[in-house]
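The residues making up each chain are set out below.
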Amino acid sequence: MLASIATFALTGVDSREVTVEVDVRRGLPAFTVVGLPDTGVREARERVRAALLNSGLEFPLQRITANLAPASMRKAGTGFDLALAVGVLVASGQVPAGAPDLTAVWGELSLGGVLRPVRGALAGALGARAAGYERLVVAVENAEEAALAGGLEVLPVPSLTRLVGLLRGRWRPDPPATRPATQPGSSPLPDLADVRGQQDAKRALEIAAAGGHNLLMVGPPGAGKTMTARRLPGILPPPSFDEALEITRIRGAAGLGDGRLARERPFRAPHHTTSPQGLVGGGPVPRPGEITLAHRGVLFLDEIAEFSRAALESLRQPLEDGVVEIIRGQRSLAFPARAMLVAACNPCPCARGAADCRCNEVDRLRYARRLSGPLLDRIDLICDVQPPPAAELVARVGAAERSAAVRDRVVAARERQARRLAGDEALCNGHMDGRATRRHAVLGARGTERLLGSVEAGTLTGRGHDRVLRLARTIADLAGRERIVAGDVEEALGYRLVSPVEIAA
Amino acid sequence: MTGACDACLRRGYLVGRLAARIAAMLDRPGKRVGALLSLPEEELVEAVAGRSAGDPAALLGGFEAAQARAEMADRHVRALCRHDGRYPPQLLQLQDAPAVLFVSGEGDLGLLAHDSSVAVVGTRRPSPYGREVAQDLGRGLGVAGVPVVSGLALGIDAEVHRGCLTADGLAVAVLACGPDVAYPRTNRRLYERVRERGLVVSELPPGQRPYRWSFPARNRIMAGLARITVVVEAADPSGSLITTQFATQLGRAVGAVPGQVTSRVAAGTNNLLKDGAAVVTGPQDLLDELFGSQSDEGRAARAQAAAGAIDDPVQLRLLEAVEASLGIDGICAHAGVPVREARAGLSRLERSGHVRRDPLGGYRRTAVPC
Numbered sequence: 000m001l002a003s004i005a006t007f008a009l010t011g012v013d014s015r016e017v018t019v020e021v022d023v024r025r026g027l028p029a030f031t032v033v034g035l036p037d038t039g040v041r042e043a044r045e046r047v048r049a050a051l052l053n054s055g056l057e058f059p060l061q062r063i064t065a066n067l068a069p070a071s072m073r074k075a076g077t078g079f080d081l082a083l084a085v086g087v088l089v090a091s092g093q094v095p096a097g098a099p100d101l102t103a104v105w106g107e108l109s110l111g112g113v114l115r116p117v118r119g120a121l122a123g124a125l126g127a128r129a130a131g132y133e134r135l136v137v138a139v140e141n142a143e144e145a146a147l148a149g150g151l152e153v154l155p156v157p158s159l160t161r162l163v164g165l166l167r168g169r170w171r172p173d174p175p176a177t178r179p180a181t182q183p184g185s186s187p188l189p190d191l192a193d194v195r196g197q198q199d200a201k202r203a204l205e206i207a208a209a210g211g212h213n214l215l216m217v218g219p220p221g222a223g224k225t226m227t228a229r230r231l232p233g234i235l236p237p238p239s240f241d242e243a244l245e246i247t248r249i250r251g252a253a254g255l256g257d258g259r260l261a262r263e264r265p266f267r268a269p270h271h272t273t274s275p276q277g278l279v280g281g282g283p284v285p286r287p288g289e290i291t292l293a294h295r296g297v298l299f300l301d302e303i304a305e306f307s308r309a310a311l312e313s314l315r316q317p318l319e320d321g322v323v324e325i326i327r328g329q330r331s332l333a334f335p336a337r338a339m340l341v342a343a344c345n346p347c348p349c350a351r352g353a354a355d356c357r358c359n360e361v362d363r364l365r366y367a368r369r370l371s372g373p374l375l376d377r378i379d380l381i382c383d384v385q386p387p388p389a390a391e392l393v394a395r396v397g398a399a400e401r402s403a404a405v406r407d408r409v410v411a412a413r414e415r416q417a418r419r420l421a422g423d424e425a426l427c428n429g430h431m432d433g434r435a436t437r438r439h440a441v442l443g444a445r446g447t448e449r450l451l452g453s454v455e456a457g458t459l460t461g462r463g464h465d466r467v468l469r470l471a472r473t474i475a476d477l478a479g480r481e482r483i484v485a486g487d488v489e490e491a492l493g494y495r496l497v498s499p500v501e502i503a504a
Numbered sequence: 000m001t002g003a004c005d006a007c008l009r010r011g012y013l014v015g016r017l018a019a020r021i022a023a024m025l026d027r028p029g030k031r032v033g034a035l036l037s038l039p040e041e042e043l044v045e046a047v048a049g050r051s052a053g054d055p056a057a058l059l060g061g062f063e064a065a066q067a068r069a070e071m072a073d074r075h076v077r078a079l080c081r082h083d084g085r086y087p088p089q090l091l092q093l094q095d096a097p098a099v100l101f102v103s104g105e106g107d108l109g110l111l112a113h114d115s116s117v118a119v120v121g122t123r124r125p126s127p128y129g130r131e132v133a134q135d136l137g138r139g140l141g142v143a144g145v146p147v148v149s150g151l152a153l154g155i156d157a158e159v160h161r162g163c164l165t166a167d168g169l170a171v172a173v174l175a176c177g178p179d180v181a182y183p184r185t186n187r188r189l190y191e192r193v194r195e196r197g198l199v200v201s202e203l204p205p206g207q208r209p210y211r212w213s214f215p216a217r218n219r220i221m222a223g224l225a226r227i228t229v230v231v232e233a234a235d236p237s238g239s240l241i242t243t244q245f246a247t248q249l250g251r252a253v254g255a256v257p258g259q260v261t262s263r264v265a266a267g268t269n270n271l272l273k274d275g276a277a278v279v280t281g282p283q284d285l286l287d288e289l290f291g292s293q294s295d296e297g298r299a300a301r302a303q304a305a306a307g308a309i310d311d312p313v314q315l316r317l318l319e320a321v322e323a324s325l326g327i328d329g330i331c332a333h334a335g336v337p338v339r340e341a342r343a344g345l346s347r348l349e350r351s352g353h354v355r356r357d358p359l360g361g362y363r364r365t366a367v368p369c
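Protein sequences appear in the order of chains A and B. Taking numbering that gives the first Met the number 0, I'd label the letters of the first sequence as residues 0 to 504. Taking numbering that gives the first Met the number 0, I'd label the letters of the second sequence as residues 0 to 369.
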């Protein structure tokens, strides 16, 4: 008899439907799996056999052939166990043939017949919903995450025995428990008020958050660069439901999720020894890289000068396009990669701080050049992070502004931009290209005069010009002004990043 | 007069053709061009290429003045020979003065003959102090309308040109390669800026790459053009000291900026001072030397150099804080302004040239008086 069961395979951060066809007929007892299975999938035969027998079910002593369709796609992982087991049960007549209609199953089996969770439950559930299934059977641990997809019934099943009960119509599981999503604001995210001093970094962080500008923090080790950068997700606007779903799906696919809906933006801080593949994703079975894990959130590169040049260069395209394309053989995969970049480095190679620095100008320039020019071109702001003076360290806690207050201003500025940029490709000022910048960042006579003054003084190049306009636009948006005033331009000039390419001349 | 006569042009191109052979002969440490470049054509060819090379005409391989002129026009290079009235007369004091100068850039050719140019040279690896002084000299002289001659090398040379251009001054860069070759590559944007407003000069024809020998040869031209040669930071021995040797031979004034006695790059300049070079602590010393401290010209130049004074108290406090090399937060605290105003104020100071920005965003006080 032939059975056909729907399941899903994780491809990067998305899922793809796989139909498991099982044929059981007379012949020498054998169990063959075809359809480009890897070792993990072939081992499923042993798990399925043991799980069936240990659950008091029958493993037919007949010739069993299973095909994973589409047969041309390589299959990896352990998520096919459950579909194979159900296929064998249906094909050997142990459960009614029509029982699994409009039902997809996804899970790994233990030898004892217990359902184990798989990575990417939300991606699978979204795939099942899109493919028109009404029910999805998953392990109990996966149920909450899968249920976030909505629009289909998620059936948490603890074991193969229970599943047979369900298919025979003798048992119904309780709907998956949903714990309340963490509320924004009440979250355990670190608060900006905990950072003493750092007025310059805080202001730069606010501008960066408001306009979606990438930021470079410069300061000696131990000054608080990482601590300050970690506060950025807390002042970015809370993710919309769709964004939260995206974040949860990616986290789940990478095996990092806790099953709940993500209510805060991710913050990823890969170490500087991370390979290009680790940053942008890849591998024989493509896995998302750090920039994808930071999608809709913040990618923090500490000690950016220590990253390999290849790693930094690999980030350039994703930062520009918001997506990573991975090409493997005939298939290409797209990973979302819309993240804000915050980089940090020391002011000079000796990293001793201004007072004891022994570097000469050439050393400093050489160090600055190590930061890949093309990547720096994507960074709009630079800020200064110095160890706070002793007086700040003992100052009253709570004197500083809280993240929530800053976030309110950021949200207002973002709304302003969204209205202005409606219909444009860019979603915020930081993403505006040259043409959009010129259209939306119009200066008055005095602002123009300030900008031209800097060009004439030789301190501003054409490259830096657009950067300053974008920053000035955001500074005005933060102040709730449509008009960009001269003071905005001057502040923007103060924060602009001068790339080493410009300094060379 | 069109700038260069055919004979001089031919001589200029001959030196260009021989450049690689001269290099093969001389480019070893310690070797100098010496009197080689003063030899007449046949002897020069014989000295460089040997008797077997035959006559210079063959070596020049059918040199056509018209063709050379067309090539120069293509590359926006002008030529100036000693028979042109605008050829700098002070250069002729050199026994091996180049027959022809190849010039690129939009500046006025007459500029080269200016009787009070100043050459400022120095190390390629200066300290921040050296950079500031160099830029300040360039700016101060530029403001006063004195042509500033340097070599477009990394370090001090570049800062001098930069300072001069900031002040909209008359910048003259003497290169060791063809005047249309931006060398070193790092300075190519600066090279373009010099060309936009000043002059780039060389004795080598367009397209020539630099050789080891052509750097000291270039130094003699810098010394020859300038009434005073100033060194801002140089090790001992160094190329900058070769320039001062040429200046001394020509009987021109030599100045040096005093440096820290423990600094390697101050050894050369401090030794010059021991040997009696004039002490230079700022552009004013040079203007006094050129025009006399009491002269009207001196006073006018001084007044111009002091232009751009700061009267806003907040700006002054910001400047003090930058000098104390506090971080941005420290600067805010010192000036008593919120960070937004501090950033805006600093960008105003940057525009007026009082502070300079480090590659990684830090601010540094320049030598511009306030």
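Misleading hints may appear alongside valid ones.
Facing chain B, a subset of chain A residues (Cβ under 7 Å, in silico) [unchecked claim]:
1) R195
2) D199
3) R202
4) P346
5) H439
6) V441
Read the hints as simulated data drawn from the structure, not as lab findings. Note that the Cβ used here is the ideal one computed from N, Cα and C, for glycine as well.
Against the earlier hints, flag every one the structure doesn't satisfy and list their numbers going up.
Numbers 1, 5 and 6, in rising order.
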